[in-house]
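J.: Listed here are the chains, written in short residue letters.
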Amino acid sequence: MPPPLTENTFKESIEHAVQNVFHTMLQKSAAPVHGASPVPTTEPWSRPDDLGGTIAVGSVGFAGDICGLVYLYLSETLAHQAVQGMLGMTPDEVASAGREVISDVIGELTNMTVGVFKNRIHDLGYPCKLTIPTVVWGSNIAIQPTRGTVRRTYVFRVDGHSVIADLIFKET
Amino acid sequence: MPKILTIDDSKTIRMIIQRAFKEYDCTVLEAANGDDGLKAAAEHKPDIIILDITMPHMDGIQMLTHLRERGDQTPVVMLTAEGGATSVQRAQGLGIAEYIAKPFQNEALVEKVSKVLPLARKAA
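One line per chain: the protein sequences are A and B, in this order. Going by our numbering, the first residue of the first sequence is number 1, and it counts up by one from there. Going by our numbering, the first residue of the second sequence is number 1, and it counts up by one from there.
For the record, the hints were derived by calculation from the structure and aren't laboratory data. Note that this is a predicted model, so its numbers are computed, not measured. Incorrect hints may appear among the rest.
What the hints assert, rightly or not - Okay, derived cross-link-like pairs now, PhoX-like style, lysine-lysine, Cα gap no bigger than 25 Å in a straight line:
#, chain 1, residue 1, chain 2, residue 2
1, B, Lys11, A, Lys28
2, B, Lys22, B, Lys11
3, B, Lys11, A, Lys129
With the sequences and hints as input, model every part of the structure.
T.: Structure, rendered in structure tokens:
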């Protein structure tokens, strides 16, 4: 039997994943927000003010000995900056590239983040595989997990913008 | 001119790879899934394949299995977010040349590819 996953394991794994991906792909630091350590809950979390407008939400799941989904929330402004960083585009090039290119970048950023997180959990004795990324856009988006799930929400600050990593696990 | 075939469902990754090798004397070909990758490998005979694992229709492990079954021994560099120990071992069992876990820096990718396929910089 693998060791049970603790709150610290989730916290350290997601912090490592977000920080690693943002540093390696965007050359940006992602600082965990002090005091935002989650209490497992099924309730929606309160949205930071800077995520009040249009946002991108990337999601990637994992399935195996442990099953869940991670949602990554970014403001539209930060999503544009992510495209500039990953593809070496100017702001004008990002604007003319359109939503499809921006969504693809956010999908890949989410895929990498969940991959790093998932691989840590996998190597602790919970083998699982990643799913294909999806990205949705909108304002006032609220994701309500179904029954039998546990939610953990982590907040980061990246260049003055909030980034939310929202983990939803099926209870085992 | 050396030919690199990148097989990844993410257009972002294919664009990053095009950018990483643009200063080198090589051609970068693209495919968005394992099916198209197998066809592109047969048609273009690349010198190296950069292959993702998690893709729709046919994933990277299935694609690599088909490739080897038909006798194609083109060197393969796995470039994937699926980096758990089990996946790495499965890919190594199919004879990959190198393995890179996402996230990655372009320099690391070029270095790994260059170990298998020496590349020259384009003349200024």
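J.: Now tell me, hint by hint, if it's right for this structure.
T.: Hints, verified against the model:
1. Restraint check for Lys11 of chain B and Lys28 of chain A: the C-alpha separation of about 22 Å stays at or below 25 Å, so the hint holds.
2. At roughly 16 Å between alpha-carbon atoms, Lys22 of chain B and Lys11 of chain B fall within 25 Å of each other, so this suggested pair holds.
3. With a C-alpha separation of about 21 Å, the suggested pairing of Lys11 of chain B with Lys129 of chain A holds against the 25 Å cut-off.
Of the numbered hints stated above, none is contradicted by the structure.
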